[in-house]
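Single-letter residue listing:
There are 6 protein chains.
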Amino acid sequence: MLLHLSTWSEIEAFLERSKTVVVPIGSNEQHGPTGLLGTDWLCPEIIAHHAQKSGDILVAPTFNIGMAQHHLGFPGTISLRPSTFIAAIGDWVRSLGAHGFEKIYFLNGHGGNVATIEAAFSELYAAASFEKRKSRVVLKLKNWWDLAGVNALAMRQFPVGHGSHATPSEIAITQWAYPEHIKAANYAPQIAPTGPIREAADFRARFPDGRMGSDPGLATPEKGGELVELAAKGLIADVAAFAAETRPG
Amino acid sequence: MLLHLSTWSEIEAFLERSKTVVVPIGSNEQHGPTGLLGTDWLCPEIIAHHAQKSGDILVAPTFNIGMAQHHLGFPGTISLRPSTFIAAIGDWVRSLGAHGFEKIYFLNGHGGNVATIEAAFSELYAAASFEKRKSRVVLKLKNWWDLAGVNALAMRQFPVGHGSHATPSEIAITQWAYPEHIKAANYAPQIAPTGPIREAADFRARFPDGRMGSDPGLATPEKGGELVELAAKGLIADVAAFAAETRPG
Amino acid sequence: MLLHLSTWSEIEAFLERSKTVVVPIGSNEQHGPTGLLGTDWLCPEIIAHHAQKSGDILVAPTFNIGMAQHHLGFPGTISLRPSTFIAAIGDWVRSLGAHGFEKIYFLNGHGGNVATIEAAFSELYAAASFEKRKSRVVLKLKNWWDLAGVNALAMRQFPVGHGSHATPSEIAITQWAYPEHIKAANYAPQIAPTGPIREAADFRARFPDGRMGSDPGLATPEKGGELVELAAKGLIADVAAFAAETRPG
Amino acid sequence: MLLHLSTWSEIEAFLERSKTVVVPIGSNEQHGPTGLLGTDWLCPEIIAHHAQKSGDILVAPTFNIGMAQHHLGFPGTISLRPSTFIAAIGDWVRSLGAHGFEKIYFLNGHGGNVATIEAAFSELYAAASFEKRKSRVVLKLKNWWDLAGVNALAMRQFPVGHGSHATPSEIAITQWAYPEHIKAANYAPQIAPTGPIREAADFRARFPDGRMGSDPGLATPEKGGELVELAAKGLIADVAAFAAETRPG
Amino acid sequence: MLLHLSTWSEIEAFLERSKTVVVPIGSNEQHGPTGLLGTDWLCPEIIAHHAQKSGDILVAPTFNIGMAQHHLGFPGTISLRPSTFIAAIGDWVRSLGAHGFEKIYFLNGHGGNVATIEAAFSELYAAASFEKRKSRVVLKLKNWWDLAGVNALAMRQFPVGHGSHATPSEIAITQWAYPEHIKAANYAPQIAPTGPIREAADFRARFPDGRMGSDPGLATPEKGGELVELAAKGLIADVAAFAAETRPG
Amino acid sequence: MLLHLSTWSEIEAFLERSKTVVVPIGSNEQHGPTGLLGTDWLCPEIIAHHAQKSGDILVAPTFNIGMAQHHLGFPGTISLRPSTFIAAIGDWVRSLGAHGFEKIYFLNGHGGNVATIEAAFSELYAAASFEKRKSRVVLKLKNWWDLAGVNALAMRQFPVGHGSHATPSEIAITQWAYPEHIKAANYAPQIAPTGPIREAADFRARFPDGRMGSDPGLATPEKGGELVELAAKGLIADVAAFAAETRPG
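Residue numbers (my numbering), protein chains in the order written: chain A, 2 to 250; chain B, 2 to 250; chain C, 2 to 250; chain D, 2 to 250; chain E, 2 to 250; chain F, 2 to 250.
Just so you know, these hints were derived from the structure itself, not from any lab.
Predicted model, so just to flag it, every value in this text is computed and none were measured.
Any given hint could be a false lead.
Chain copies aren't distinguished; within one or between two, either way the pair holds.
Said to hold, decoys possible - Pairs of lysine-lysine residues, derived as DSSO-like cross-links and limited to a Cα-Cα distance of at most 27 angstroms, are as follows:
1) Lys20 - Lys184
2) Lys135 - Lys54
3) Lys133 - Lys234
4) Lys234 - Lys135
5) Lys133 - Lys54
6) Lys143 - Lys20
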């Protein structure tokens, strides 16, 4: 069930049977010579939208801009500062919590988001902790590649050249979903270098075409489809487990 | 051209021929018994995506959560506080400005966003004004219904019962784009009441089913298609005029 | 009744008979070759102070600095950033609300304030909306020229050359109240140009003497007096209507 | 010279001969049974406006709301939080600094403002210090009672019962300026108690009628006039000395 | 009792007998040619740690970075902006308040902290005052040199050349506690100049070696020991008095 | 070399030979029945202070309060909100960067700090990235247990019952450094449970004595000494490698 294509009374009815909502969250940032700028928000959106076709989960609109300051050296990247990101996640959570959602599950598509999303969770929990009260909501962050079996599948599909940015697995997922937007390029070197992540100027100097450790040329729509299928199943199961969790005390 | 389905080098190439980018911006909020929660961000997205098929404009990802605090009494609404909204718009603009975009055009789908978006523009301009320097970017806000001829068409289509929230014109646009998600309901009264907008509890007490002054039952996908067609044409022309503007001094 | 010339126990007594307070709010900014820098806060102050002589309304101190970033290219302008303005309005409202005022009426003298004041209202309401509770206070914004009949009178007085900044109507009001500070200048052109409002450098380049579309040379103290008289009557009536409003739910 | 009754070109001309501006700053807060709520902003305004009649100083609009959280237990008090106060002072200073003012002199009327104004100065200076550059402006804070000879005069006028809040000296100044608003009351006890300042509830419990250590019944308009006369002279001299200061390095 | 060397259950037990905690607070900043950079946080730490050996007081970890923007021209200085300092003090107080501490006593070692700490107290109290409720905690700030008899002793020890920064009294205290880190230098002039405090560049130009009005060469470990002994006694007594205070109302 | 026991001119001299500084950073939070509240800031402080005895590294004062909101259910815990933590790290970095430090190495003692510290780094880098300039400083975060060989040693020392909070390895380090503060308790169960980390109330319900997965009874001062020795060596090597890094581009 897609929240944005529902009416408020449909959501009211959903809340009768579940207090859990899934928020796809990602980033809009360069993904090398052939990766789509939207890759990191498209992947969790693709997976979550696919999952809700077979599972009774509610999927919120996609949080499509995240923490991508290091990619700002490449045109098309849009980034929030961590402080803005924390404030925005807070408002999303407060909004959903006001409606009675008690479990908010963020399906993440960007490694660079993880630290700030966790900080945002702590910021929200801290308000309750300072007042010695329970939090209104429970928050969970899951990267799509950490869903059951997904990373293992990607490693089997791409034993060499997977890397950590503009990976063939994420490129493959967008190829499967947007076949009319598959791009080609010569990669030089075939497998991109690795290194630390700092500010945008440093990043572009280290990673001239934007890739980190990856060979996106390995991606195919078929492999993408396999990943989506497995991730969607994993998501349904993981959301169910989260929804079933009881709170202590 | 859709930014999120492009690569960074395609955007780099676009910047050679234009420094203007269009950002669809809206809100995810209740739209009465039959309106989609996504209506206000879907409408500018639908129009902008349609426009870029025939015009050489670049469309950024949709800014899908806006200022909708007054709708929080209805499940599914997600709102930023104005202070968060201002910070987030600031980061979008700083990101796009860093790439060399000089004209940023926000195509808005939610009347409740207008004040805060204008405040955000002033916040950005103020940084330049305090330092007595030119702003790096020029910002423009346009509601889709204010594009050339669009509001007049809507008034002709819906001479009675257009109202101001969950209007038949916006419902019609989403019906045209998402025909499989057309909803039906009995409206009582047929035309919703009007009144002031305050906090969410007050809003729900005044407008029990979420509509303001409107009869969404008048919407049809065909009327939506007419509106999209006209608005897309208007958008291409308006963006061209904005891009052609010279700056004084 | 002027709050700042009252004692706390006089305010306590006033609260027994009314929960409504009027806050004149404006801006301190350039007003062309002959307009006073204080024009935009002086006008609502003049009107509200005049009104309280004949009506039992309580007038707070004047909020004299608003959002005037675009005028910072002209000496003497003082501006808050929107984020600061929102925070300050919040503290005023929280202060007055703590005393039991339930209706706070901002009589505004500066068009450039409107967006940010509305954003400030939304910021305040949002705190209640996220918590699903009623707001402690109801907020109203009214520009003095929108009081009953005032704008129509100004159009009759100045059918040509009224414009939108450094208008003869606002100049006339300050002339009536501060006759010893009437200034003269040659205007070239007689009626100033119009155009968009952006950062201060852009503004000064477009509007070299600070006026927008106006011919302040038309102002006279007599016309100012007529405007004040009418606006004061309108204010008393409008405040009474606001005070009498009941809240739904 | 009063900034708000001047035009921008008059300020431009003033800047040719001086880079110094005086900002009266105070608070709107309860002042005991007979003191005006505006006392703390009226006093520096009265003194500065009087001074500019005989000295060539430029007086900005009055910053009339300060840090008065402890007085919020009494109706009519309006307070900024320190964080808001710091932000607002910052914007005033940035505005004036943008015009070329290099020396900004705050004439303060409220002891409770001192800490936050100094913190605001440090916040402004810190921006320069982190960047190892000179500050654009030099800031000075002076309480009106610390002007040459003023406190000594007050001690001679009111050797007993001066106290620290709702003092006879400040009451006297407002009596001199607003003789039609002189209030009377029985004071019990004649001299109010003293004690620490904490939150508003604590304050009202300790100081039931709002006074701290004072007997405002001693105030007379004549004594107020003497204080204003002396303070105005002191202000002119102190501003001249400040304007003449050279900066090291 | 040192909080950081205790377990949580030991603190739980302490709370059974006392609701008061002492927080040493200072700054890490240059202290002239021979003063340790840590002087201003070491002094209150030394005194508080010494005091808790003989008195049953609980000493929190030292808040070691304060408001030292004016010293940033000298290497090794670390400063918070006032706005950050206020936020951090707020979080410390909210944390301690959550555990049931009702009296929080800040023993301060840096004059430059005073304004911002007081602003931080007001920020915390304001939250209660806006809501017309009692503050959960009572806050007290005391400079170590204002403890009973301490300043008088320092004046007797150093009748000439005490000054206000890098004073022989504070140097002496660190000499007593860290005898292996006593430094020597030629002072030129022997007694440093005095002057106003502004941004870092101004400060370094006025006070080339970092001292203000002082001759640190007068310090000896013995004198430091006398000061610590007296201050520790004063602290125990002052904390006891603070703990014994009852709240009105 | 300890910064706080040095003079500014000693730091100036150090900057001639190195631009790198080490900041021990941790948290003050409950550590189970026997762990010291200061454990997480004492460990990196102990290691860094030990390391600087044999290596020419500069150690800043310890950043002793971090992100510990989840431990606020236990007395003695002090936590910053992530937003405050980010602001404070920013000011530390800006201060050290102003002196010419180009490499800032945070030696961390608290897993719960990691996300927020990384968000703080991104916040700092983002300022440079938005402006398309190089960052003034390079930032590095290292947990002490991730120094070469340290975690492996801990696993050898405590093959069972190491856990993740109030671990025997961190307890052992504080035992080695503060032998007079070794505490004893019966642990029930001997090895604590594990589970997710949320707000403080949830945490205390899940982990009644504060431990997570650990048996601190295994700690001995000797094992602590071994860990410190190895970590100190690892720190010197790691700092040297960091200092030697060149920046690309």
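These are the hints, each one checked on the structure:
Taking CA atoms no more than 27 angstroms apart as the test, Lys20 paired with Lys184 passes between copies only; the shortest distance there is 24 angstroms, against 40 angstroms inside one copy. Taking the shortest Cα distances, Lys135 and Lys54 never come within 27 angstroms of each other, neither inside one copy (34 angstroms) nor across copies (38 angstroms). Taking the closest pair of Cα atoms, Lys133 and Lys234 never come within 27 angstroms of each other, the shortest separation being 38 angstroms inside a single copy and 36 angstroms across copies. In this homomeric assembly, Lys234 and Lys135 never come within 27 angstroms of each other (Cα to Cα): the closest approach is 32 angstroms inside a single copy and 42 angstroms across copies.
When the C-alpha separation of Lys133 and Lys54 is checked against a cutoff of 27 angstroms, the pair qualifies neither within a copy, at 40 angstroms, nor between copies, at 32 angstroms. Proximity of Lys143 to Lys20 under the C-alpha cut-off of 27 angstroms is restricted to the intra-copy arrangement: shortest distance 18 angstroms within a copy versus 37 angstroms between copies.
When each numbered hint is compared with the structure, violations occur for hints 2, 3, 4 and 5.
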